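K.L.:
Each chain, letter by letter, is given below.
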Amino acid sequence: MGNKSILFQEIITGLDARDERIQEGIYKHYWGYLMGVATRYIKDRNISREVVNDSFMKAFKTMYDFRHDHDLVTFEKTFKSWLATITVRTSLDRIRAQKSTLVLVEEYEEGPVSYVEAEDKLYAEDIMKLLHELPDLHRTVFNLYEIEGYSHDEIASLIHIPVSSSRTYLTRAKHKLRELYKNSIEIN
Amino acid sequence: MEPAKKELIKEIKDLFEDYEEAYVPGEWEAFSKTKSKKRVLFPQWLKIAAVLLMIAGALPFAVNEFFKDNQSGETAGLKKNAVNKAEDKMLPAPLNASGAVAEEKSAAVAEINPAVTGISKKISISEGTVQNRTGQKEQMFAEQAAIPVQSGVKTIDVIAATSAHTSNAIQNEEIMKASANVAAAEANTVPPKQEQSTMDFLLSEAKSGRKADVKKKVKTDKWNFGLEVMPTVMKSNVNVGAGITTAYRLSKSFSISSGISMVKLESGAVLSQQSLNSQAAPNNHVSFASQSSRTLVSVDANISAIDIPIGIVYNVSRNFYTSVGISYFNILRDKRSNTYETTSSFYRMDTDPSTGFSETYQAVKSEAIAEPAVEAPMKGNSYIGFFNLSVGRDQRIFKQYHIMVEPFIKIPVGKLSSEDLNLMNSGVKFRLSF
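As you go down the protein sequences, you meet chains A and B in turn. Position one of the first sequence corresponds to residue 1 (the working numbering), numbered consecutively onward. Position one of the second sequence corresponds to residue 1 (the working numbering), numbered consecutively onward.
Hints are not guaranteed to be accurate.
Simulated pairs of lysine-lysine, DSS-like, Cα-Cα distance not exceeding 25 angstroms [claimed, not checked]:
1) B:Lys10 - A:Lys61
2) A:Lys99 - A:Lys77
3) B:Lys335 - A:Lys43
4) B:Lys33 - A:Lys28
5) B:Lys47 - B:Lys264
6) A:Lys58 - B:Lys47
7) A:Lys77 - B:Lys10
8) A:Lys58 - B:Lys264
9) B:Lys47 - B:Lys335
10) A:Lys182 - B:Lys13
11) A:Lys77 - B:Lys335
12) B:Lys399 - A:Lys61
13) B:Lys264 - A:Lys121
14) B:Lys264 - A:Lys80
15) A:Lys4 - A:Lys43
16) A:Lys182 - B:Lys47
17) A:Lys121 - B:Lys335
18) A:Lys129 - A:Lys99
19) B:Lys6 - A:Lys61
Counterexamples of contact, computed for chain A against chain B with all Cβ distances above 12 angstroms [claimed, not checked]:
20) Gly14
21) Ala17
22) Asp44
23) Lys80
Source of the hints: derived by calculation from the structure; they are not laboratory data. Treat the numbers as computed from the prediction; the structure is a model and nothing was measured. For each residue, glycine too, the CB sits at the ideal point set by N, CA and C.
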């Protein structure tokens, strides 16, 4: 039994017993993952840290009601995705709080770029930089659809925009990303 | 062999799917500190319950005090009037008496208001009578006295008399004039018909006081307060709420009712197949081959809220009434649990027994997962949440208590109606009012 399995077994037992001591293990194990999620939405690292801490706070309040069937593999997957969902929503709340509404900050022309192959191995830091060059709304829709796997209907209700706008912003975000990526390769 | 290059967006997706940063030591310690700071001593619902209890406890006393104060204020006012009137009536007596017994050597009017002087001139006709009375009593001593007299409306005159032996009628006359002037001034302010004794006066005032009390009592009957419990039935669950109510009678048929109650609504919603399909479609379209799709199948919500209804009650007959109104609905706790259906596709290799060839099948695995939802979309929202309709029967028991049985229906309006939960509920209110 690996370290991970032991950790998840402890988490499951702790959840059943409503034991607060498991919180430290959960925090340390998932902090890096949730920071990865939060920084995709929020550029400022300090704010991302706050978002992650807020997310843990929410999770620790409700996680003892997390229903599972004691299967380690399923639990690992669903618990992780549940934490990510919390972080995504907390990030959206933070973006909303900073701006009165999640609005389109700048418009840009849609380029002709429709297909770009990744040249070499991609590095998260580099892509993160490109992502943060997108307007908030476009980046948010891109993240929600492409990475989190939400549908356009869900995105529309989450960030209070029409479904058609969600589709448009996604297309624009993809175009812009491809363009930015091409430019970054050409410079290098 | 060079690995096939992937499209950029697909590459980004894969990159971030399991991307995680390295844990920075000290983060947990910092978080623990913040967490212990943020930990609240009492949960919010407990604070609200305490406030409600305090209000419920203090309300009967406050109401009693309010009416008591009004009554005592009124009585005090009446008493004050009585005293003033009694003073008005009785004040001349000692003056007369002092005038009667006075055989002072000298008297000085320290300060005579022009008004009083005027009055004394007017009543100089009665001088003779006073003189006669004083003339009967001579050679008497009086102690030095200072008599403050309230005259009419505005002034206080002080008549200082020094104790001395006197045989001078003129001086007596002067004193008596002054006394008579003051007495006349007082008499001028007192209605001439007040010939009744103090006892009679107090008795009549006591009677009128009782009348005032009766009037007040009639007023208090316009308000009534009550306690209520209300089992409610929603689409799938039965819930219970409780609270306090108040009503103010506008006229014989109409009254305004209000109150505050704590309600708990448990609701479950199964999303329609149509909406499921529409949600699942984009996901399947994009990544059917390798990615899983996740759709929300049902939502279970557990809502605790404070309901402040206000409505108009129409008394159809003595025992039956009907009411319409709206509710201000403040959601304190909105706990949800989402059930997702995860569908993942995978390839399966199999050998066809008839041909012997191995074939690849695409299979789909689906599982349902329930997760407590963290977001509370309605928590803290305060808006007019329900439209209330009810009819009721009012049964009087004992002298002052009423039992009311009131079937009602609450229809969500505004933001509540746009939620994916059906919060429409109905039930029966059982109310005890007094």
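K.L.:
Each hint needs a verdict: does it hold in this structure or not?
P.N.:
Hint by hint, here is what the structure shows:
1. B:Lys10 - A:Lys61: The given pair, whose Cα atoms are some 35 angstroms apart, is violated under the 25 angstroms limit.
2. A:Lys99 - A:Lys77: violated, 33 angstroms
3. B:Lys335 - A:Lys43: violated, 31 angstroms
4. B:Lys33 - A:Lys28: Roughly 15 angstroms separates the two Cα atoms, so the pair holds.
5. B:Lys47 - B:Lys264: Satisfied, since the Cα-Cα distance of roughly 17 angstroms is no more than 25 angstroms.
6. A:Lys58 - B:Lys47: holds, 21 angstroms
7. A:Lys77 - B:Lys10: Judged against 25 angstroms, a Cα distance of about 21 angstroms means the pair holds.
8. A:Lys58 - B:Lys264: holds, 22 angstroms
9. B:Lys47 - B:Lys335: holds, 19 angstroms
10. A:Lys182 - B:Lys13: holds, 17 angstroms
11. A:Lys77 - B:Lys335: This hinted pair holds, its Cα atoms lying about 23 angstroms apart.
12. B:Lys399 - A:Lys61: violated, 51 angstroms
13. B:Lys264 - A:Lys121: violated, 54 angstroms
14. B:Lys264 - A:Lys80: Cα-Cα ~31 angstroms, so violated.
15. A:Lys4 - A:Lys43: This hinted pair is violated, its Cα atoms lying about 30 angstroms apart.
16. A:Lys182 - B:Lys47: violated, 58 angstroms
17. A:Lys121 - B:Lys335: Violated - the C-alpha atoms of Lys335 (chain B) and Lys121 (chain A) are around 43 angstroms apart, more than 25 angstroms.
18. A:Lys129 - A:Lys99: Satisfied, since the Cα-Cα distance of roughly 21 angstroms is no more than 25 angstroms.
19. B:Lys6 - A:Lys61: violated, 41 angstroms
20. Gly14: The claim holds: Gly14 (chain A) sits with its nearest Cβ about 16 angstroms from chain B, beyond 12 angstroms.
21. Ala17: holds, 17 angstroms
22. Asp44: About 15 angstroms separates Asp44 (chain A) from the closest Cβ of chain B, which puts it past 12 angstroms; holds.
23. Lys80: violated, 9 angstroms
Consistency with the previously given hints fails for numbers 1, 2, 3, 12, 13, 14, 15, 16, 17, 19 and 23, ordered from lowest to highest.
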